[in-house]
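Chains as they are written, first to last, in the numbering used here: chain R, 432 to 629; chain L, 8 to 371.
By construction, these hints were calculated from the structure, which means they are not laboratory data. Cβ atoms here follow ideal geometry from the backbone N, Cα and C, with glycine treated the same way. Be aware that one or more of the hints could be misleading.
Simulated restraints on C-beta separations [to be verified]: (1) R:Glu537 <-> L:Glu293: 43 to 53 Å; (2) L:Asp220 <-> R:Arg613: 53 to 63 Å; (3) R:Asp542 <-> L:Ala49: 26 to 36 Å; (4) L:Lys68 <-> R:Glu537: 40 to 50 Å; (5) R:Lys553 <-> L:Asn65: 14 to 24 Å.
Only pairs whose alpha carbons sit at most 25 Å apart, straight line, appear in this in silico PhoX-like list of lysine-lysine [said to hold, decoys possible]: (6) L:Lys64 <-> R:Lys462; (7) L:Lys9 <-> L:Lys66; (8) L:Lys48 <-> R:Lys553; (9) L:Lys66 <-> R:Lys461; (10) R:Lys606 <-> L:Lys235; (11) R:Lys582 <-> L:Lys48; (12) R:Lys524 <-> L:Lys350; (13) R:Lys601 <-> L:Lys9; (14) L:Lys9 <-> R:Lys582; (15) L:Lys175 <-> R:Lys606; (16) L:Lys369 <-> R:Lys591; (17) R:Lys524 <-> L:Lys9; (18) L:Lys35 <-> R:Lys612.
Calculated from the model, a selection of chain R residues having no Cβ within reach of chain L, i.e. all distances over 10 Å [what the hints assert, rightly or not]: (19) Gln486; (20) Phe501; (21) Glu545; (22) Asp556.
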Amino acid sequence: MSVSKVQYSDEEFIEGLRRGDNDVLKALYKKYYQLVLKFIVNNNGTQEAAEDVYQECMIVLFENASDPGFSLHCQLQTYVYSVARRLWLKQLKKAGKTFLMKEDEEMDLADVSEDLQVYLQKESDLERLRLSMDQLGEPCGTLIRDFYVHKLSMDQISAKFGYTNADNAKNQKYKCLQRLKRYFFESRHIEQTSEKRL
Amino acid sequence: MKESEVFDLYLNGGLPAEDTRQFEQNLKNDAVLARAFEEHKALIASLELENSRLGLKNKLKSVHRELFGENTRILSIQKENSFARRHGKTIAVAASTALIAVLATVAALSTGGYLLKKQNNEILELKRNVMELKYSNEGIVEGITMKKSKPVYAPANLEGSAFALNNKGYVITSYHMVGSADSIFLQNEETERCHARLVFADQTIDLAVLKVDNSSVAKNWQVPYALKSKPGEIGESVFTLGFPREDVVYGEGALSALSGFSGDTSMYQISIPVNPGNSGGPVLDEQGNVIGVIKGKITGAEATGFAIRANQILQSLKNSAPDSLKTELLVQSNKKPVLRGLKRPEQIKRIHPYVFNVLVYKLD
Chain R
432 MSVSKVQYSD
442 EEFIEGLRRG
452 DNDVLKALYK
462 KYYQLVLKFI
472 VNNNGTQEAA
482 EDVYQECMIV
492 LFENASDPGF
502 SLHCQLQTYV
512 YSVARRLWLK
522 QLKKAGKTFL
532 MKEDEEMDLA
542 DVSEDLQVYL
552 QKESDLERLR
562 LSMDQLGEPC
572 GTLIRDFYVH
582 KLSMDQISAK
592 FGYTNADNAK
602 NQKYKCLQRL
612 KRYFFESRHI
622 EQTSEKRL
Chain L
8 MKESEVFDLY
18 LNGGLPAEDT
28 RQFEQNLKND
38 AVLARAFEEH
48 KALIASLELE
58 NSRLGLKNKL
68 KSVHRELFGE
78 NTRILSIQKE
88 NSFARRHGKT
98 IAVAASTALI
108 AVLATVAALS
118 TGGYLLKKQN
128 NEILELKRNV
138 MELKYSNEGI
148 VEGITMKKSK
158 PVYAPANLEG
168 SAFALNNKGY
178 VITSYHMVGS
188 ADSIFLQNEE
198 TERCHARLVF
208 ADQTIDLAVL
218 KVDNSSVAKN
228 WQVPYALKSK
238 PGEIGESVFT
248 LGFPREDVVY
258 GEGALSALSG
268 FSGDTSMYQI
278 SIPVNPGNSG
288 GPVLDEQGNV
298 IGVIKGKITG
308 AEATGFAIRA
318 NQILQSLKNS
328 APDSLKTELL
338 VQSNKKPVLR
348 GLKRPEQIKR
358 IHPYVFNVLV
368 YKLD
């Protein structure tokens, strides 16, 4: 429980996130959770929803902060609140809920559209990827992930999946990849016509 | 070699130098190849990003568990937003008119150098901030909401108490509760949530008079008490009904002073422990006359409440209410003291239907 005592400045939080410092992450997570929880529970949300949105919000911050060109143009608190607010609004809208927002009067809002746009665009790509991977099924999905994400060699994959040799595995991977590309890039065109955001 | 294999080797730096040059040359000349390569890269980037988001998400989840524990579930207060569907229009209309009113008020107040929030900085007003209470009362709320199968509404921004003024659908509450509301609803065990609007306010004594919109709500009202025009006496026993939580709560005590905070003669001091949510509730004497309206308590002092004097309210209705309303408002429902001589539980049974939980919604 060495988390609590240290006080970080906004810059130190960002720096720590970039470094992947776990203590900083914990301290940051602790610092603004109540703020977001309060906002979401106040606006038609459950605690689970708040937890989800807050974690998403941390991911937005993390990914944007990882970009060396990122600089915080407002207080971190304002940033977190603004992102959480937009994410939650989006969810409410998606669920077809129009709702009277109860804002936290103490809080300023910052323009986080750009940061959010980047995140959401990627998230929509990932949503498409997940669907494509579902379509792809097993063992293809695991095979593809093992090769491209976990960077296993063809020999390792061949042993893991019980193929007779690496060439055989390579051949399987090729077929899986071709199918995945078809699902992934075909669905893109359908998606783009249907989704207009925020 | 398959195209994608070349891509992979190139990206991993596994392609021999000569092939690398050749491949790069091909990319420049062959748009189809270049496009296939871009797609290939995009797909891999997505796979990697998905993995890293998933990893981060899991890490955050474990941080959450570590910081806040596993069993911190709070029950959802509303599943469906049936409230907005059913009352959306009402709110929108109420909101737009109220917004203008609020803006006007704010303008008036700020030009006078008089800030709404600072109005009663010595006295803690007892409107119930729903949010704050929700955490502490979660157990209770859970118990209640599980049993009821009624429509579940969005939590109000503020809640408090109110009581019927007469049989004509007029209801008294505290101005500090409803002054900046966009929509106001009343409810209790007998009366289903109904919309009410502000028809008269006297800020100087923190008085607000509401009227229920739907006249059928008040159709069968037989308000068993009246506002007492004579001042109360120190030491007489008094009681109140109000909504510091979802169910009506009884409190009793004595009239302890004929003035309120720092000698304010429009108030009484009473020794009833009052809580957030009691604001706007009636204070009744032993005979069941309304002698006041709960306004607030002193910060830090328990079991000390303040109530606006009923005679002040009558005075205000007489002097300040618009002529068109005056007669309606001053109709006292029961000249005969129907509650006199009844035992307390019996009195409460009769009064209970006319004490309401006020739910206030604000647009920010």
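Hints that the structure is at odds with (numbers, increasing): 4, 7, 10, 12, 15, 16, 17, 19 and 22
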